[in-house]
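Peer 1: Given these sequences and hints, build the entire structure.
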Amino acid sequence: MKLADLETGEKAVIVKVSGHGGFRKRIIEMGFVRGKVVECLQNAPLLDPVKYRIMSYEVSLRRSEAANIEVIGTGELFQSSETDTFNGTIEEDILRRVALNQRKRINVALVGNPNCGKTSLFNKASGGHEHEGNYSGVTVDAKEGQFEFDGYTINLVDLPGTYSLSAYSPEELYVRHHLVNEQPDVVINVVDGSNLERNLFLTTQLIDMNVRMVVALNMYDELEKSGDALDYRQLGKLLGAPIIPTVGRKGWGLDKLFHVVTKVYEGTDFFSKDGRLKKNTLDELHEYYHASEVEHGFIEELGEQNLRGGEMTRHIHINHGQVLEKAIAGIRQSILVNEQIRAVYSTRFLAIKMLEHDKEAEAVLSKMPNAVDIFSIRDKADDMVRKELKEDPEAAIANAKYGFISGALAETFTKRKIEKKTKTTTIDSVVLNKYLGYPIFLLFMFIMFECTFVLGEYPKHWIESGVNFLSELVRAGMTEGPLKDLLLEGIISGVGGVIVFL
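Residues in the sequence shown are numbered from 140 upward in steps of one, following the working numbering.
Be careful, since some hints might not be right.
Think about it this way: if two alpha-carbon atoms lie no more than 30 Å apart in a straight line, the pair counts; the simulated DSSO-like pairs of lysine-lysine are [to be verified]:
# : residue 1 : residue 2
1 : K263      : K465
2 : K190      : K141
3 : K562      : K573
4 : K243      : K141
5 : K562      : K389
6 : K599      : K573
Read the hints as simulated data drawn from the structure, not as lab findings.
For clarity, every value in this text was computed on a predicted model and none was experimentally measured.
Peer 2: Below you can see the structure in the form of structure tokens.
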């Protein structure tokens, strides 16, 4: 349940805090830390605000803010097996135990381009049997699966394949709404290792959204077979998210992937299991951090001690260049005035989308009290970008993102100098030759028609004979009537004609 659902006088224990970087940091700094008991003191007659007691002091929150804090309340406690020891008094340690069990549920979303191997990875991880195929739009809606891993229950959602988070296609809108409305604990960005530059564009937009992210470098076996080399650990540092090589269809690397997912999930609270702030993070709370393992290594390489310490990887911002960053900063400042929106959206993401004239972002911000100012500042920023860069903001932002990707890959990706000639390229060099291509095409067309109308005459004759034999059998064995007409003229003649055609 959510903290906003508590009745006056009811106690609960905090399970986790959702929301985006700045908002989440502020809520945690106020003392709303997992494992802490919070009591609802008073619900305002007009709904907002709500007064709570936590850590022996009183604090008021908007109901929209409290809706981002997941808790376990006394009402849910009675449904738990922990109440076997219940003696008539709600003990806080019992609440904490139930809250700890509840926290062991991690909501994970799979996000990636079409055909990047998301559904294969989902099936291997969750044991599901969703449809897979090598063409765009295989996953047309979200698929859900659940499995146990390292003491956690992973709720895995396979979202539709999408190339970006713009508001142009149903898939893009679906993914974007899920990330905003459902706020998954961790996002696994599935990237096709054989097509990095195109796939990483979506990654840059997820960075803009300020989500807790782990990158699954899928189809890693194909990357290795190609002879290309990628320093994925260094690329992970540049992206501000751990990168784990995987081969989804074989299930290779999935244990490591979900091991890191649990570390990111636990590490981003900045607090230890007893609720104390971790060492050396107090001065770093002004930035949003992801927790990753030292050098993005794995348990067998580092040992448990290093994993418990971990290395904090700073959440980055994609630098779009001086002109665009100035425009984005101006729009973002006007959005930041609206405190309630910060719990749901990354204000930087909204600012970028406003500069791109994104219809969804415009619809959200048109409801804000200072909507006129936001749109006015956006229009001025738009004019400045067009004047300075000689192109529209949407194209300029896309170019800047691809520039960042190119720079990151220039540091980490080494392409094989001598292109390995594959069977496909060998065949293409012949059948797509500008001189041989046309006669080869005509030859194949001739073979197809010969097979259809010459060789096809034999099975066609057999089928017609079979249909005629069956018709004569029914005609001789049945009395006249509508049923006989249905069988002869409808079913046998109709189906027989279709079979002959095929």
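Peer 1: So, against the hints stated earlier in the document, which numbers end up violated here?
Peer 2: Per hint list: 1, 6 violated.
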